[in-house]
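There are 2 protein chains.
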Amino acid sequence: MDMLNERIVKDGVCIGTEIVKVDSFLNHQIDVELLDKLGKKFSEIFSDVQVDKILTVEASGIAVACMTARHFGNPPVVFAKKTVPSTMNDDFFCSEVRSFTKGTVSMVAVSKKYLNKGENILIIDDFLAHGEAASGMADLLKQAGCKVAGIGAVIGKRFQGGEKRLKEAGYNVKLLSNIEKIIDGKITFVL
Amino acid sequence: MDMLNERIVKDGVCIGTEIVKVDSFLNHQIDVELLDKLGKKFSEIFSDVQVDKILTVEASGIAVACMTARHFGNPPVVFAKKTVPSTMNDDFFCSEVRSFTKGTVSMVAVSKKYLNKGENILIIDDFLAHGEAASGMADLLKQAGCKVAGIGAVIGKRFQGGEKRLKEAGYNVKLLSNIEKIIDGKITFVL
Numbered sequence: 002m003d004m005l006n007e008r009i010v011k012d013g014v015c016i017g018t019e020i021v022k023v024d025s026f027l028n029h030q031i032d033v034e035l036l037d038k039l040g041k042k043f044s045e046i047f048s049d050v051q052v053d054k055i056l057t058v059e060a061s062g063i064a065v066a067c068m069t070a071r072h073f074g075n076p077p078v079v080f081a082k083k084t085v086p087s088t089m090n091d092d093f094f095c096s097e098v099r100s101f102t103k104g105t106v107s108m109v110a111v112s113k114k115y116l117n118k119g120e121n122i123l124i125i126d127d128f129l130a131h132g133e134a135a136s137g138m139a140d141l142l143k144q145a146g147c148k149v150a151g152i153g154a155v156i157g158k159r160f161q162g163g164e165k166r167l168k169e170a171g172y173n174v175k176l177l178s179n180i181e182k183i184i185d186g187k188i189t190f191v192l
Numbered sequence: 002m003d004m005l006n007e008r009i010v011k012d013g014v015c016i017g018t019e020i021v022k023v024d025s026f027l028n029h030q031i032d033v034e035l036l037d038k039l040g041k042k043f044s045e046i047f048s049d050v051q052v053d054k055i056l057t058v059e060a061s062g063i064a065v066a067c068m069t070a071r072h073f074g075n076p077p078v079v080f081a082k083k084t085v086p087s088t089m090n091d092d093f094f095c096s097e098v099r100s101f102t103k104g105t106v107s108m109v110a111v112s113k114k115y116l117n118k119g120e121n122i123l124i125i126d127d128f129l130a131h132g133e134a135a136s137g138m139a140d141l142l143k144q145a146g147c148k149v150a151g152i153g154a155v156i157g158k159r160f161q162g163g164e165k166r167l168k169e170a171g172y173n174v175k176l177l178s179n180i181e182k183i184i185d186g187k188i189t190f191v192l
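If you read the protein sequences in the order shown, they are chains A and B. Residues in the first sequence are numbered consecutively from 2, following this note's numbering. Residues in the second sequence are numbered consecutively from 2, following this note's numbering.
Incorrect hints may appear among the rest.
Since the list can't tell identical chains apart, any single copy or any two copies may satisfy a pair.
[Stated by the list, open to error] Straight-line C-alpha distance at most 30 Å; calculated DSS-like pairs for lysine-lysine: (1) Lys168 - Lys143; (2) Lys22 - Lys113; (3) Lys118 - Lys22; (4) Lys113 - Lys11; (5) Lys182 - Lys103.
These are computed hints drawn from the structure, not numbers from a lab.
Pulled out of the complex, with its shape left as it was, chain A reads as follows (with noise of 0.2 Å):
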């Protein structure tokens, strides 16, 4: 997406050669006219996949989730939560999901409530980074006997490898916006 890739370059801030920081409009402060277009967007490159349900982690994931509910008839959007009390384990699916950036292992959770076999879900994602949050959502998704429609997020980071991995994994994965390198503060972008 142009428009989407004209912001990264106009509004994000460059850390070194792997973070991008789009906290202006994505993920802190939030533009939710753009997040409207890109949930439109995800609606059209996965229009030929049935959406039972939206699955994405909190926090910065739920806003672009709810925005694209909206574009595949208003399914429901499930967060999984990245704190559970010790005492309600049983009632969870969990899966762990490592940090390459903060160097931790931390938990991703939902409630066996809201995932229910056979249910089509797509995952929608801020980042795709090395794609641990993803597998870890996709994890989920399995322990509940549910099928992954699709993942999808607004910018991937090539470079990381997630993309790669998770599509030798089979699963059908779309990328908004995919960074292929960051060099001196100026990002390149896969074609």
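Based on these hints, arrange chain B on the given structure of chain A.
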């Protein structure tokens, strides 16, 4: 809102006399169509105030804030974060928020870049109970020199006193549903 009250009675799960869980449509699984109606209602009851931005807090306020922004002509939505890298404190407005339910004190924080002096900011959240989160957000706005255009929450719990305290402090507080009491699993709403 009768429609909302009916939904709370139908799908809410009461725990004791103080908690009603609305995970199935508001803060784990999200009914986007319902939230769109709630957002429209907020735009009606706050139609007399200027709204330059909407402020909420992660994670469960994000969806309703975004769906509300659509009915105000898409002003930016800013969501306060609950954790801030300790090295970045100088870049954030921070305020402490006590959780009576969890017995903890946590933080809400917004980057100084996204709150500008003189802006009129509408605070939107899913719940208003003791009013601690809303007070914390109002404090962030005070630090930034912004004006609190209003405080709106989907569900108020009058018996926990936040609404009264915030009104006494001079804020324009509006609730789409307001719970008077919860006894033996039966919810009584404020008329």
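Checked hints:
Taking identical chains as interchangeable, the C-alpha atoms of Lys168 and Lys143 lie at most 30 Å apart only when both belong to the same chain, with a minimum of 16 Å there against 48 Å between chains. Only between protomers do Lys22 and Lys113 lie at most 30 Å apart by alpha-carbon distance; the minimum there is 15 Å, versus 33 Å within a single protomer. Proximity of Lys118 to Lys22 under the C-alpha cut-off of 30 Å is restricted to the inter-copy arrangement: shortest distance 24 Å between copies versus 37 Å within a copy. With identical chains, the CA atoms of Lys113 and Lys11 are at most 30 Å apart between copies only, with a shortest distance of 19 Å across copies and 41 Å within one.
For a Cα distance limit of 30 Å, the shortest separation of Lys182 from Lys103 inside one copy, 20 Å, qualifies, whereas the shortest one across copies, 43 Å, does not.
Checked against the numbered hints above, the structure breaks none of them.
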